[in-house]
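Going line by line, the protein sequences match chains A, W, D and U.
For the first sequence, my numbering assigns the number 422 to the last residue and increments by one with no breaks.
For the second sequence, my numbering assigns the number 422 to the last residue and increments by one with no breaks.
For the third sequence, my numbering assigns the number 422 to the last residue and increments by one with no breaks.
For the fourth sequence, my numbering assigns the number 422 to the last residue and increments by one with no breaks.
Worth flagging that the hints you see were computed from the coordinates, not collected in a lab.
Some clues are possibly wrong.
[To be verified] Chain U is faced by these chain A residues, among others (derived, beta-carbon under 10 Å):
(1) Glu32
(2) Asp33
(3) Thr34
(4) Val90
(5) Gly96
(6) Glu104
(7) Leu107
(8) Pro161
(9) Met260
[Said to hold, decoys possible] Mimicking SDA-like on lysine to any residue, the simulated pairs with C-alpha atoms at most 25 Å apart in a straight line are:
(10) D:Lys74 to W:Pro161
(11) A:Lys258 to U:Lys111
(12) U:Lys303 to D:Pro369
(13) A:Lys30 to A:Phe163
(14) W:Lys30 to D:Ala27
(15) U:Lys127 to U:Tyr68
(16) U:Lys187 to D:Pro364
(17) U:Lys212 to D:Tyr366
(18) W:Lys303 to A:Pro364
(19) A:Lys212 to W:Met305
(20) A:Lys254 to U:Val90
(21) U:Lys422 to D:Arg365
(22) A:Lys212 to W:Phe193
(23) D:Lys257 to U:Lys20
(24) A:Lys258 to U:Val90
(25) D:Lys187 to D:Arg400
(26) D:Lys257 to U:Ala86
(27) W:Lys258 to A:Gln384
(28) A:Lys266 to U:Glu88
(29) A:Lys257 to W:Glu91
(30) D:Lys254 to U:Pro369
(31) U:Lys20 to U:Lys111
(32) W:Lys212 to A:Phe311
(33) A:Lys254 to A:Lys303
(34) A:Lys272 to U:Ala76
(35) D:Lys212 to U:Glu194
(36) A:Lys30 to A:Glu104
(37) W:Lys257 to A:Gly378
(38) W:Lys74 to D:Pro395
(39) U:Lys254 to A:Glu91
(40) A:Lys254 to W:Arg89
Note that the structure is predicted; figures quoted are calculated from it, not measured.
Idealized CB from N, CA, C, for every residue including glycine.
4 protein chains.
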Amino acid sequence: MLVSTSFQQQIQERLNRVRKQTEYICAPLKPEDTVVQPVVDVSPPKWHLGHTTWFFEAFILEPSLPGYQVFHQKYAYLFNSYYEGAGERVERAYRGNMTRPSLEEILEYRKHVTQHLNEYLSGPYPKTEEIYRVIELGMQHEQQHQELLLYDIKYILGHNPLFPAYREEILANGKIREAIGEADFLKVDAGIFEVGYEGPGFHFDNEECVHKVYVEDFEIMDRLITHGEFLEFVEAGGYEDYRFWLMEGWAWVKEHKKDMPFYWFKVDGKWKHVTLHGLQDIDWDLPMTHISYYEANAFANWKGMRLPTEFQWEIACNTFSPEIPEAANFVESEYYGPAKRTAGNYQFYGDVWEWTQSAYLPYPRYKAPEGTLGEYNGKFMVNQMVLKGGSCATPRDHIRPSYRNFFHPHLQWLFNGFRLVK
Amino acid sequence: MLVSTSFQQQIQERLNRVRKQTEYICAPLKPEDTVVQPVVDVSPPKWHLGHTTWFFEAFILEPSLPGYQVFHQKYAYLFNSYYEGAGERVERAYRGNMTRPSLEEILEYRKHVTQHLNEYLSGPYPKTEEIYRVIELGMQHEQQHQELLLYDIKYILGHNPLFPAYREEILANGKIREAIGEADFLKVDAGIFEVGYEGPGFHFDNEECVHKVYVEDFEIMDRLITHGEFLEFVEAGGYEDYRFWLMEGWAWVKEHKKDMPFYWFKVDGKWKHVTLHGLQDIDWDLPMTHISYYEANAFANWKGMRLPTEFQWEIACNTFSPEIPEAANFVESEYYGPAKRTAGNYQFYGDVWEWTQSAYLPYPRYKAPEGTLGEYNGKFMVNQMVLKGGSCATPRDHIRPSYRNFFHPHLQWLFNGFRLVK
Amino acid sequence: MLVSTSFQQQIQERLNRVRKQTEYICAPLKPEDTVVQPVVDVSPPKWHLGHTTWFFEAFILEPSLPGYQVFHQKYAYLFNSYYEGAGERVERAYRGNMTRPSLEEILEYRKHVTQHLNEYLSGPYPKTEEIYRVIELGMQHEQQHQELLLYDIKYILGHNPLFPAYREEILANGKIREAIGEADFLKVDAGIFEVGYEGPGFHFDNEECVHKVYVEDFEIMDRLITHGEFLEFVEAGGYEDYRFWLMEGWAWVKEHKKDMPFYWFKVDGKWKHVTLHGLQDIDWDLPMTHISYYEANAFANWKGMRLPTEFQWEIACNTFSPEIPEAANFVESEYYGPAKRTAGNYQFYGDVWEWTQSAYLPYPRYKAPEGTLGEYNGKFMVNQMVLKGGSCATPRDHIRPSYRNFFHPHLQWLFNGFRLVK
Amino acid sequence: MLVSTSFQQQIQERLNRVRKQTEYICAPLKPEDTVVQPVVDVSPPKWHLGHTTWFFEAFILEPSLPGYQVFHQKYAYLFNSYYEGAGERVERAYRGNMTRPSLEEILEYRKHVTQHLNEYLSGPYPKTEEIYRVIELGMQHEQQHQELLLYDIKYILGHNPLFPAYREEILANGKIREAIGEADFLKVDAGIFEVGYEGPGFHFDNEECVHKVYVEDFEIMDRLITHGEFLEFVEAGGYEDYRFWLMEGWAWVKEHKKDMPFYWFKVDGKWKHVTLHGLQDIDWDLPMTHISYYEANAFANWKGMRLPTEFQWEIACNTFSPEIPEAANFVESEYYGPAKRTAGNYQFYGDVWEWTQSAYLPYPRYKAPEGTLGEYNGKFMVNQMVLKGGSCATPRDHIRPSYRNFFHPHLQWLFNGFRLVK
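For reference, chain A alone in the conformation it holds in the complex (with noise of 0.2 Å):
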């Protein structure tokens, strides 16, 4: 491919902003805090700086810089994630034990590698169309792991009695902006529409492959649910109360005795929660945040309503709100956490990712590409639900609105939330 310098350095430009801001998210951190693994979902930070490095090196390094020797034999041993393709690997739940190589040597390891990638970006070596897509991808797959730093970090410090902050410098989220008032409703009628993703912008496999699809009339909320009415939910003793709950939902409350949301406490009679603060009153006007698929789904149905389906929600954000607004709150704007709403602003961008009520499956057409890249999103196509819109711990420009994401329905630590349809 012949592409414009500019192009090139466009590239490298970005690649080093990501690298640069990766290790910017570890900076607040001690050493011990980058090596636990509380939870099996919970990667220790350490192994995510160390991962999305190997990324890099196994994937653009070794097939294609001429001469390029791997840092440290043992490395894509100890930093390949899932695929099987690229062989053997730490057992996930293990990776919390690996106490070396230390912080400071991967490091030096993310240096070593970074700094080869720009000897092969700016240098005399040729650069396939296909090359560029995997480097895209590494910045995209890096971009995500900073989303996953922060629920992971959140996690260890926010598990800690001594509740340190993770940085003392950060602003206070939603204190400078407005109360919020009543959710409206916005009006879509029925009709056949398009989704998915189609274009010369980067974009996964999994949301390729347009096509239509027929919705019925629906209302969607112009605002996500906020804390102060999930306590409702709470105080009107939903979790008490099996009929809200899906069956595997009501199991789940009662094999981890759940009686309120995640990361809440009620200390001395006043309810604080966990934030990269630490250990906070509750602005009761925030977007309710670390809340199960199973807790949405039985908040909709004790409000009589239901959440969108991710073609509702796409539909929805693509006719109310097309472009990002410069209110929406991204990791950019080092809150840390979702912020009250302005006005104008429907938060279908930033804040928390928006449970759908759509399984994760294949769009007609989709097929997941050759090689051990293919097992990047295709082989998740079960049992996880999609969530849309990305959070207060997602870069800005890593998002659209075709955009799918996707956990597993108990999941709470990371920045999830919803809005409901009637």
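Fit chains W, D and U to the supplied structure of chain A, relying on the hints for placement.
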């Protein structure tokens, strides 16, 4: 409701027929066979006999037959399945330890309840439309348990090292059927279709709310995948190649060391499988069955095709086989296993429940009914997949194209199977 | 070996008596009761019936009766317990799923084997001393299973919400006995004592090798701890105070939420317990039973005393009650539970197996016999505690002071109890 | 208590030495190494550092130093191990998730507490005999944790695919030692012996109450079993032959698929093992270590011998090696592994803790002390086996013949080994 005598007699006649059929299914069992629960999904036959009886006692006789005394105070506790609204119950996993009431006592219980149902139906008691609806539901419910009974009996006998036959006299299924050729594909053009049920006949809440869907062009196999076709997958190393599998499916293969289908054995180099006739040589032309969603999906990936969505399946069925053909293989044929296809039978009905690539989720406008019976369907709508068309264990009058069955993706003990689309 | 006819007849007579007793124990059961295994320690009665029969078939008839054909090729697989040397077997935890052979078929099997044993014993076949030893072992083994049968039957019926009685006609134990006063203590002076068995009578390998032990002065209770005494511990908050408990015992209390003894219930403010008569009011003068080592040990700590070592117990028994008193309560009394003490009976024999503070370890010079039957005792010598004296489920001719029974410390389903030393 | 200044100075000097030694042991670690808990038995080094410090703070400074303020309110919660009497604590299995306080903060905590202990000891504060006893206990306790630290560090580094060495400068143990010949057996004649501790020196409660035991004639090996001897067992198929194993041992072999000793690897056909020097070739003359009771017992059965009882071991040690020989290999030698025997050293002291065939049970007249420190030993007296003699990780001044260490039979991560008797 004013109903004609003939309607009432008809219900009564059907009710007695359904009740008798359950007992007919259990007749070949020894008392010992009716007690155990070898895995949590398999309920003791004794329990099915009691549970289907309790359903009528709790939802018809107790509220509606004046002066009715429950047969035994503790039976509600013993025979409630999952109705939170109907009080405490024996933990599901503990059913298999309940040696009492004995089979004989439960048959007494059945007799008692059936007699009182007859008394109620033929007697001078007021009957609302709602009550007829619940009686109808009770019959459909009992038919569902008849089907489960056959799965469970097969499991119990099929895991015994003596491999006892269920009925000595059952027909060697398929023997009388013609050999099978290559599958053809039936074509459907893209467009808007209606799916779901609307009409006066019985149907479950989950298939209500007829609605439009847009479906792209597709071609669907005109018959089921056979044992012989699946053997090719096995022999091509399908169970050893992660590339064909969903990640959860691959984990399931690894955890359970799966290397062949359920109920298959290789005895002295020759493939055999467990049937309700005992351990038999495999007839390769029979439709494949006892296959998890993971396996069906892996097979489809290996073939470069897909499982149909529930809408593709329903549209194809409505298009090519709107009526149930005479040749369809239901429980009344007493083959107790899938049968070879005969000319002109597309096998949409009977033989095996067909996996679709659709998660079990609510239709637009779906609302679970109020009250305890609202727990019938809605609360299962997460992490399960839709299956269509009925099986060799289904009563013929129990099925229709809009029927939505649902099971977790790993389950193999039911008569399930699949066909492909491209 | 040249044995007198009378010896041979005596063995034969005893053998038939023992075989019949096992069937007598199972006679009140329904076929359903004989199948299940509600917890791993509880074997199905049907299995005991088969296993004790297989023992004679495998170790006597097969090797020694010319021309003997095994009753069924698969029964060795179904009825071997833990003899690695005797080939493959059904996993212990899976016994409860084996609905076939039916109870009736197993009774046929018993008849077949007993008949052939009689043929062998009375026929002109050579019999070595070793063979008589194995026949004796087979009878003792069957008596041990008779005892287990009663534990298991109690567990199966006692965990059924209908609380069926085992035999309608059984005696209300203890009713005819006198009231019980304070326990006295029997004194033994320090010295060297001999323990273990030496002599011509039957005994297990684990009690062989008479050896000297030095024991300090001690005083031992002249009767068993009663339900009433244990109630004081319960009411004093014994289950809530970690100080009395071994660390593993405390973890067991917490994990299983223990707050009262096994088989006890508080029904409308009144204590009841499960017996083989069904659910009954507790008679506080009865010896305490169904008590784990952890509980017995906690009780002792609470009292500031100790459980006896196995040597203290054996020395006291040899000293104060060398012969089994008439009043001792064994299975032949058909109380099926411990009985109140009568004057002069120190309760060393029968009623309940008494926990000692001795781990089950080999005696000096102990060597497990060669061959499959060497697996009988020796391989259990770790992590179990010794119990002494027999129980209300033990045959009177099965016990002696040197008998060493052994169980894991958490087990409660057997008839165990204890007394204290100071 | 009136104590001489020199006694006080001596205690103070020893205290500082012990405290410093703990820090010396941790000095080579990176902060990352100090956080994790790969299995429940392995505690994070950071936790050991904090726990041994909390012990002095809770049991000395808080009750006895006027005006003492705890370093941090939450540290009692974080660093209590199992003392129910000392309040709530982090669940043991969750220790490894506590990334804060950081290593640096814990070292601060140590400094703070050590300083105040010095202030207390050298200052004008009253000191009772009891307080000196607790200080002594605190030092012994810290020495026990020093030993655990080395086990845990070995586990953490030894399970890392990079196999880092603990200290670069450590001596290659055994290299300077002479080759080893056949073991001889030391003979002891039957008789009454005294065991246990009586005297003014420090000792634990569990070894108090000197008492007589009668022991038969025995012969005991004059050295430890070596790696080479154990290899013969491995090569003779010891891990595949059930006959040598206790039933629980055989279940452990099967469940964990054991086919070689812990820390052994076969790399390209050559045996290697993990040491604190990293992965090394095995020197076959070194004493065998990291061996469970099950394995030691199976080896003994294979040899037709036995493990000694704790009394046999103690009597032999008192008879043949009443004083600790110069050559004994303790932590001060800095080999960090067992060493080859030198002439005249019977290896009763140091190298490896020797499994005995004695369960850990109370001595006659044993009573756990009142109060929280009564939880030190007594509550572990079930399901563990006694080990004797100290190891290469034990401080030389910490051991005596009467010392009773105890562990569960399956544990392999400590420096344990064995010798045989016949």
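Hint consistency between Lys212 (chain W) and Phe311 (chain A) [alpha-carbon to alpha-carbon, up to 25 Å]: 14 Å, holds
Restraint outcome when Asp33 (chain A) is required to lie within 10 Å of chain U by C-beta distance: 4 Å, holds
Satisfaction of hint between Glu91 (chain W) and Lys257 (chain A), Cα-Cα up to 25 Å: Holds: Lys257 (chain A) and Glu91 (chain W) sit about 17 Å apart, inside 25 Å.
Straight-line alpha-carbon gap Lys74 (chain W) to Pro395 (chain D), limit 25 Å: 37 Å, violated
Hint consistency between Lys30 (chain A) and Glu104 (chain A) [alpha-carbon to alpha-carbon, up to 25 Å]: Answer holds: Lys30 (chain A) to Glu104 (chain A) is near 11 Å, not above 25 Å.
Pair hint outcome, Lys254 (chain U) versus Glu91 (chain A) [Cα-Cα no greater than 25 Å]: Roughly 21 Å between the alpha carbons, so the hint for Lys254 (chain U) and Glu91 (chain A) holds.
Proposed proximity, Arg400 (chain D) with Lys187 (chain D) (alpha carbon, max 25 Å): With a Cα-Cα distance of about 21 Å, the restraint between Lys187 (chain D) and Arg400 (chain D) holds, given a limit of 25 Å.
25 Å limit on alpha-carbon distance, applied to hinted pair Lys20 (chain U) and Lys111 (chain U): Judged against 25 Å, a Cα distance of about 10 Å means the pair holds.
Satisfaction of the Leu107 (chain A) interface hint, Cβ to chain U closer than 10 Å: 12 Å, violated
Restraint status (C-alpha distance of Lys30 (chain W) to Ala27 (chain D) at most 25 Å): 18 Å, holds
25 Å limit on alpha-carbon distance, applied to hinted pair Lys258 (chain A) and Val90 (chain U): Holds, at roughly 20 Å.
Hinted pair Lys187 (chain U) and Pro364 (chain D), Cα distance within 25 Å: Answer holds: Lys187 (chain U) to Pro364 (chain D) is near 16 Å, not above 25 Å.
Going down the numbered hints, you'll see the structure goes against 7, 9, 11, 23 and 38, while the others check out.
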